[in-house]
Amino acid sequence: MRTNGRLDGWSAGRLENFLSDLKRICGMPDYPGYLQHMAERHPGSDVLSEREFFEAHVNARYGNGASRCC
Amino acid sequence: MNRILWIVVSLVGAGAWGVIALNRGETINAAWLVLAAVGTYLVAYRFYSRFLARRVFELDQRATPAERLSNGRDYCPTTKWVLFGHHFAAIAGAGPLVGPVLAMQFGWLPGTLWIVFGVVLGGAVQDFVILFGSMRRDGKSLGKMARDEIGPVTGLFAMVAILAIMVILLAVLALVVVNALKDSPWGIFSILCTIPIALMMGVWMRFLRPGKTIEATVAGIVLLIAALVGGRYVALSPTLAPLFTHSGLTIAWGLMIYGFIASVLPVWLLLAPRDYLSTFMKIGTIVLLAIGILIVMPPLRMPALTRFIDGTGPVFAGKLFPFAFITIACGAISGFHALVSSGTTPKMIRREGDARLIGYGGMLTESFVAIMALCAAAALDPGIYFSINAPLAALGGTVESAAAQIRQWGFTVTPEQLTALSASVGEASLLGRVGGAPSLAVGMASIFSGVFGRHLMGLWYHFAIMFEALFILTTLDAGTRVGRFMLQEFLGHIWEPLGRTSWYPSNLLASALITAAWGYFLVQGVLDPLGGINSLWPLFGISNQLLAAVALCVGTTLIIKAGKKRYAWVTLLPLAWLLVVTLTAGWQKIFAADPRLGFLSHARSIADRVAAGSMDPAIAARLIWNDRLDAALAGIFMTIVVALVIASVREWLAVIRGKKPAVVKETPFVESAYAN
Numbered sequence: 091m092r093t094n095g096r097l098d099g100w101s102a103g104r105l106e107n108f109l110s111d112l113k114r115i116c117g118m119p120d121y122p123g124y125l126q127h128m129a130e131r132h133p134g135s136d137v138l139s140e141r142e143f144f145e146a147h148v149n150a151r152y153g154n155g156a157s158r159c160c
Numbered sequence: 008m009n010r011i012l013w014i015v016v017s018l019v020g021a022g023a024w025g026v027i028a029l030n031r032g033e034t035i036n037a038a039w040l041v042l043a044a045v046g047t048y049l050v051a052y053r054f055y056s057r058f059l060a061r062r063v064f065e066l067d068q069r070a071t072p073a074e075r076l077s078n079g080r081d082y083c084p085t086t087k088w089v090l091f092g093h094h095f096a097a098i099a100g101a102g103p104l105v106g107p108v109l110a111m112q113f114g115w116l117p118g119t120l121w122i123v124f125g126v127v128l129g130g131a132v133q134d135f136v137i138l139f140g141s142m143r144r145d146g147k148s149l150g151k152m153a154r155d156e157i158g159p160v161t162g163l164f165a166m167v168a169i170l171a172i173m174v175i176l177l178a179v180l181a182l183v184v185v186n187a188l189k190d191s192p193w194g195i196f197s198i199l200c201t202i203p204i205a206l207m208m209g210v211w212m213r214f215l216r217p218g219k220t221i222e223a224t225v226a227g228i229v230l231l232i233a234a235l236v237g238g239r240y241v242a243l244s245p246t247l248a249p250l251f252t253h254s255g256l257t258i259a260w261g262l263m264i265y266g267f268i269a270s271v272l273p274v275w276l277l278l279a280p281r282d283y284l285s286t287f288m289k290i291g292t293i294v295l296l297a298i299g300i301l302i303v304m305p306p307l308r309m310p311a312l313t314r315f316i317d318g319t320g321p322v323f324a325g326k327l328f329p330f331a332f333i334t335i336a337c338g339a340i341s342g343f344h345a346l347v348s349s350g351t352t353p354k355m356i357r358r359e360g361d362a363r364l365i366g367y368g369g370m371l372t373e374s375f376v377a378i379m380a381l382c383a384a385a386a387l388d389p390g391i392y393f394s395i396n397a398p399l400a401a402l403g404g405t406v407e408s409a410a411a412q413i414r415q416w417g418f419t420v421t422p423e424q425l426t427a428l429s430a431s432v433g434e435a436s437l438l439g440r441v442g443g444a445p446s447l448a449v450g451m452a453s454i455f456s457g458v459f460g461r462h463l464m465g466l467w468y469h470f471a472i473m474f475e476a477l478f479i480l481t482t483l484d485a486g487t488r489v490g491r492f493m494l495q496e497f498l499g500h501i502w503e504p505l506g507r508t509s510w511y512p513s514n515l516l517a518s519a520l521i522t523a524a525w526g527y528f529l530v531q532g533v534l535d536p537l538g539g540i541n542s543l544w545p546l547f548g549i550s551n552q553l554l555a556a557v558a559l560c561v562g563t564t565l566i567i568k569a570g571k572k573r574y575a576w577v578t579l580l581p582l583a584w585l586l587v588v589t590l591t592a593g594w595q596k597i598f599a600a601d602p603r604l605g606f607l608s609h610a611r612s613i614a615d616r617v618a619a620g621s622m623d624p625a626i627a628a629r630l631i632w633n634d635r636l637d638a639a640l641a642g643i644f645m646t647i648v649v650a651l652v653i654a655s656v657r658e659w660l661a662v663i664r665g666k667k668p669a670v671v672k673e674t675p676f677v678e679s680a681y682a683n
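Chains as they are written, first to last, in this note's numbering: chain H, 91 to 160; chain E, 8 to 683.
If we strip away everything but chain H, and leave its shape as in the complex, we get (with noise of 0.2 angstroms):
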């Protein structure tokens, strides 16, 4: 822990890491794995906002009606 009340950075990256997992197996969006796929792959473009983002993957998950098991 930093004096100045943030997480130290170990630690902020750690539970950052587990949320994003946890979103993923959710099936659930993750913004930041997205900001930093759109850094990596397609720098200077466009990127979407968060609310924008959500509405993109909730369609695309559900849209068509995402097949599902018993």
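Heads up, a few of these hints could be off.
[Stated by the list, open to error] Straight-line C-alpha distance at most 25 angstroms; calculated SDA-like pairs for lysine to any residue:
#1 E/LYS572 to E/ARG61
#2 E/LYS87 to H/SER110
#3 E/LYS87 to H/MET128
Treat the hints as calculated values from the structure; they're not laboratory data.
Source: prediction; values computed, not measured.
Once you have looked at the hints, place chain E on chain H.
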């Protein structure tokens, strides 16, 4: 060192099977079942899945669709273990929890053997081969692969099969919920609360704090627990309880209205938040159940084999062969998984080699869930098990008549025990709640109370019921939607505007038709004097195994066309077994002379009763019509299986004899940029 480890694992697994084999007739502990199952899974994963990955599929260093087509949304390279969790959450639902509990009427041994060996040689192979095939084809669906690799007619059969299984699946799962919730104010209240909770989460994630899915879901779970606790007070309140006490028929209509509305609402409002909630709950509860069983290590009170292997069982009619193998689909082999393995998962695999853990390993994990459900049900007193799972018509309406009937079946239970049990879980009665969910909930509640103390039994029971109902309702919503899209595709060929998924009237019409289809079978099940599960669950099993046969035919075709016909037995073996099981079961359901088993003889027995004047002709006409409908449906399933196998065999022979080139339609090889 590694070799020694595997020798130890194999010995432990074999030793556990030895204990199971030698202790016939005595009560043994659930721990032996868990050990034997896990030992077998580990050995199968280490050796058989490696053989499949290296020799049969030759997974290599090529770039996956996720890498080549990465778009940060559906095509998205995902770490192996995360995708494993994601895939598992998508394939595991109510199926592996319900099937093993119903099949418990034969005793715990047949289910255990089928679940463990069926998955190793059948289910996991199916999931793996379809995942592999789809991954090599940019994530193509099962129907498209069937069309491309076998032929257009097969593709059409696959589509019809998928639509039919969807309708039966939704009906039978809805029936499980109806039987769990009828006359249960606590249950109905807590399940009803999930709807506004999901709506609130939807609004939260879209408008209030866009994209903040985790915090919304955690808040949703807290509210869910509050609803669960609140349900107890509703059930105890003389003014509120009657408002939430409803008959099976009313609940069935409620579910239909819900399914229809939910499937035409925007996905962000209800489906997505509900899915997040149920996925969280699913993973949490399954982990909790595993820990609970390991801590409590309950003895299995059900015999290894019961007298009902002769086909006279009260839960559903039919002998051990073939009905144990139809009743347990999910957990051993489930055709439905082929849809997931050719859906979102193949588009997320980061490296080819990961497919082994995700496809084969994911299914082994579902099988493990089925084994735990089986342990929870086998730990129940057999008398209690049959009091919950036999239809009311057999038990009579009172605890005294039920106890007397169960004694006749050769199990001991007193009326006082039955009364005490329903009181401890906060229900008026647990008699005749066929469908698996309530008895599993009692089993889970006993295990959890064994860990946390007995006074919370009622809360755990309703927690388990809510957990199952939650994801069954999610399946109703998602499944109605899938059915709607497929139907719109068909209708579009008749009149083009009906195929437009953006045209609201077409959406409403297609949703209404799909809801009416599963709703029809649901109501039929609710009104069925034999309990509904008796006719619907075998139909579901047959249709699910039919889809598995489609998947295995596609898998065999892929293997043969890749020039590996010497390895075609890996899919032909489970396919042959499924064909024997499905066709025998289908034939018996249609033509068997026993009216409890055969649809047609049941129709005849009803006609005889009308002729003798002992039955209302109007009710009889409905029952006879339903019997004939069910018989026709079973006949259609069998015809599709046979036609499909013939088409596939012709294709295989053409390739083997060199009349057709052995070419697979894979996406060309591109080297992966991911280092090992």
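Sort out which numbered hints this structure fails and list those numbers smallest first. No numbers; nothing is violated.
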